[in-house]
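There are 2 protein chains.
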Amino acid sequence: MPTRLSQLFVRTLREDPADAEVASHRLLVRAGYIRRQAPGVFAWLPLGLKVRRKIEAIIREEMANAGAQEVHFPALLPREPYEVTNRWTDYGDGIFRLKDRKGADYLLAPTHEEVFTLLVKDLYSSYKDLPLSIYQIQDKYRDEARPRAGLLRGREFTMKDAYSFDYTDAGLDESYQRQRDAYERIFARLGLDYVIVEADAGAMGGSRSEEFLHPTPVGEDTFVRSNGGYAANVEAFRTIAPESRSYEKLTPAEVLDTPNTPTIQTLVDVANEKHPRPDGRAWTAADTLKNIVLALTALDGTRELVVVGLPGDRDVDLKRAEVAFAPAEVEAATEADFQKHPGLVKGYIGPWTAAGPVLGIRSETGIRFLLDPRVSDGSGWITGANEHGKHVFGLVAGRDFEADGVVEVAEVLAGDPAPDGSGPVELARGMEIGHVFQLGRKYAEALGLKVLDENGKLVTVTMGSYGIGVTRILAVIAEANNDSRGLIWPRNVSPFDVHVVAATKEPEVHAAAEKLVAEFEDARFDVLFDDRPKVSPGVKFGDAELIGVPVIVIVGKGIAEGRVELWDRRTGVKTPVGIGEVVDAVAALA
Amino acid sequence: MPTRLSQLFVRTLREDPADAEVASHRLLVRAGYIRRQAPGVFAWLPLGLKVRRKIEAIIREEMANAGAQEVHFPALLPREPYEVTNRWTDYGDGIFRLKDRKGADYLLAPTHEEVFTLLVKDLYSSYKDLPLSIYQIQDKYRDEARPRAGLLRGREFTMKDAYSFDYTDAGLDESYQRQRDAYERIFARLGLDYVIVEADAGAMGGSRSEEFLHPTPVGEDTFVRSNGGYAANVEAFRTIAPESRSYEKLTPAEVLDTPNTPTIQTLVDVANEKHPRPDGRAWTAADTLKNIVLALTALDGTRELVVVGLPGDRDVDLKRAEVAFAPAEVEAATEADFQKHPGLVKGYIGPWTAAGPVLGIRSETGIRFLLDPRVSDGSGWITGANEHGKHVFGLVAGRDFEADGVVEVAEVLAGDPAPDGSGPVELARGMEIGHVFQLGRKYAEALGLKVLDENGKLVTVTMGSYGIGVTRILAVIAEANNDSRGLIWPRNVSPFDVHVVAATKEPEVHAAAEKLVAEFEDARFDVLFDDRPKVSPGVKFGDAELIGVPVIVIVGKGIAEGRVELWDRRTGVKTPVGIGEVVDAVAALA
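The listed protein sequences derive, respectively, from chains A and B. Residues 239 to 828 (the working numbering) are what the first sequence spells out, left to right. Residues 239 to 828 (the working numbering) are what the second sequence spells out, left to right.
No wet-lab data here; the hints were simulated from the structure. The reader is advised that the hints may include incorrect statements.
[Unchecked claim] Calculated pairs, DSSO-like style, for lysine-lysine (alpha carbon to alpha carbon, straight line, at most 30 Å):
| id | chain 1 | residue 1 | chain 2 | residue 2 |
| --- | --- | --- | --- | --- |
| 1 | B | K487 | B | K359 |
| 2 | B | K359 | A | K359 |
| 3 | A | K288 | B | K487 |
| 4 | B | K772 | A | K688 |
| 5 | B | K753 | B | K743 |
Note that this is a predicted model, so its numbers are computed, not measured.
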């Protein structure tokens, strides 16, 4: 049966919803695909559900092709397994916790590594049972601080999460590759551009980790790529440390007056004016060592200050800092922090001490001091002398100061060399649409998942975790396929194959449209039929553009001459076609 | 591709799980369909998920046939809509409540009347948009006090819940009938016996309400039915009150000594011995008026006592009492309650007062006194005289005492007359598998869902609510279809069409089985193939019986003579069939 717009539970809106920041959110609400129920929580109307089911069907097919079996876990899970892996605590405010009537603790699962691990432990005990890949398509929950952008970052969302179980590293590599290949096929079928980038293995504590990013200006992830094939999430980008240089021939450091130079720019100006470089070249920001005070808040709420030293031409990238200091939260130190530490002379902080090469700042203030990898042994810098209006010039790393360690918190800049030597990188923005991850043995070890190997020896299983955000992907497709008039679905996921519009109220036109719809149905097309008798052609066309079925057939007055119009939603081109040929013409587009 | 048991994520168990009380729970766990994650919370293995999807597909088809459109709501919903209808409070401990990081209140929805109502209000505004029926298949949550019996009463469970919207009562009747018809088709296709019984409209506050009960001894609902076609949940059974009788000729009541008669039986014995009935017949329990003290706990925690008077041959049915006093919780009064009310002489309570026809017990104790409908005006009783060892004989309702009202809390007994005059009822147990309910205008009124009618006047919409427990139905089917060896699925919902067992390890047998499996696949059968090379035939047969695919084909040594065995799981009969005929033979069974 065709779906008749006169009956379909939908209402299109002329106005953008007030809370919609991005096109997908705006259009999915306006075209009647979804409706907001709470921040980051949506109901699905029939149109939205149809698109979602098509995406899910493609994912299921490719999971089956990858040899993964479908299971289904509850969203409501007990605290205990997440306690064992520390994630009950590690997730901080990021998850929904609740108690049952007996006071037992539960969570709404944000991801399911623990319970998949336990289920395999429950069922399997031998290497012969492996490899195993299992997955689910299931609703997940995260208590996002700023649920925004509609389905792009919801608090209730649907994911396909798969997990692989192997007893050898080589097996894990194969299982990983099978999922990775499946993801490539899925995104190809969905018509979604993607870049596979190295990701930070981070708090999940695994080894290999890659994200599938869809390049888009509204993406919340920044990634870098080189012409030579390197691609990484900025969080995963690793700086090539320059080689150490000898400092035998370098002149000693010298403390000089630099009045009113609390910023890098004022410092560079004053340095060039009052203390020009002996070789005549101008000082630049890259010659200065900027020492930034960061405040780290651990999960238990304790606050620690840390000073990071980095070349003055770069800022701290807080996302990279979050990864470097995970699971602590990171922010710039506040005025209150400085007041508690009078040893930190704001604007003039530096690792210099009269005592020579000691542990930089910590020896004076007790605060950890970490360095950007670019501050290699033998490099010389202009940096704060821990006294108002004074900087030290020619302070040499390794000779005049040391640090507590190296840290990657400096922003990545276009032109930075890719760590694999494949040339300079460029920066772009993307939206994460998939993630493949070698978890290794972390979860299996924590939860005791072992099997007997060929020699009858118990070995710990090694795991992979593979996620695709189903509802997010739907939004990303909408984001990538729209214009000022509405959505334009790729055919594979369009809610209908063809949208037939009866453009006038005349009975002959309606009858012809009904007949055409029946022919489409006979040819197994899924048809949306705008049969609304009292709606003007203009409104019908507007709704058709908003709803975004890519192929529209207009049955209008031309019917008297046996003609209809075939309207390509994407190009906007309307082509007259004989009514006898239109079904074949639409089939030919597929 | 066939599903190979060597690859399938499953493990059958020889032992019953310790916590399983009923066959469906025991067998679904042992056969590897589900696994417990927490009390009343289960994970679904591939076998279980396949059966579930088949049930869902049948429901979806019949919903489409009934003109209902599918939508999907979140499980996580904000408090506000449930506050408007009082259900946030009314649900008591029965729901899961939680807070987000900002402290806002949420619940895991146990049912979705409120948000469906609000969604229709959001989208629709005219009578022309109606009738509308929309539904979802979605996970719901109830914090059951005693989650038990596996999927039969879970805390996370999947339901199909549909809602109809009309602007006339006649429209609601039609929408209700369409869903009711769909339910009949669904249960017929699922091969599930059912009885449609009148249900109590109860706390939901609607008018017509019927339950589909599957008759089963493990059912938690008791229902009654007459040969004449009456059927009702005991909660909904209404007693026919006898007509009032004149008490002009009745003798006056008399207080008599009845030492040591705190129970009905001791009272009847002593009465017959010491105070025989003038007409010579023996006194029976039905001649006594039993006055039971119940304690009602309101949602706000306040506790009230109430005395109910009923014929001494009947007990109070607490489930009927829960309905009568909803939403309060009901229990028998405790020793502490009696101690607080010395006016209640335990074992000798009665409405008799020396003052004559006053408000029974309340005038003496301040406690409300309610009567069973059988205690009609003019009926005479032996009942307590509010003094140890004394009862009053010939106390006549209406003449000697009055009550605060009538209440239906007495148990229904086999032989009681059906209220529609269709004869005596019998009692049976059943499991609720569906519920259709005319909500009327309660939700629409509370949430302001109105539409403009033909005359441009705003009218409140009238609604129906229609639920089927998807996961519960799966368990009920399992409960109705098993034997001591395992499950026996009806073909419509069996996880596979046919289960092929390669019964020996010989290569020729394996090769023949592989070939047969390929033929079944070509004929579009969904095949489970037990290809496990190192498993004995006995274990394979045991697993086949446990898993319960109704048609099993055994490929064994008979293959040398071109024969296989067709094994009917339900009858246990094994029939030799030529290998060339077996695909057709299996097809013929369908």
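Which numbered conditions among the earlier hints are violated in the structure presented, ordered from lowest to highest? Going through the list in order, the structure violates hints 1, 2, 3 and respects the others.
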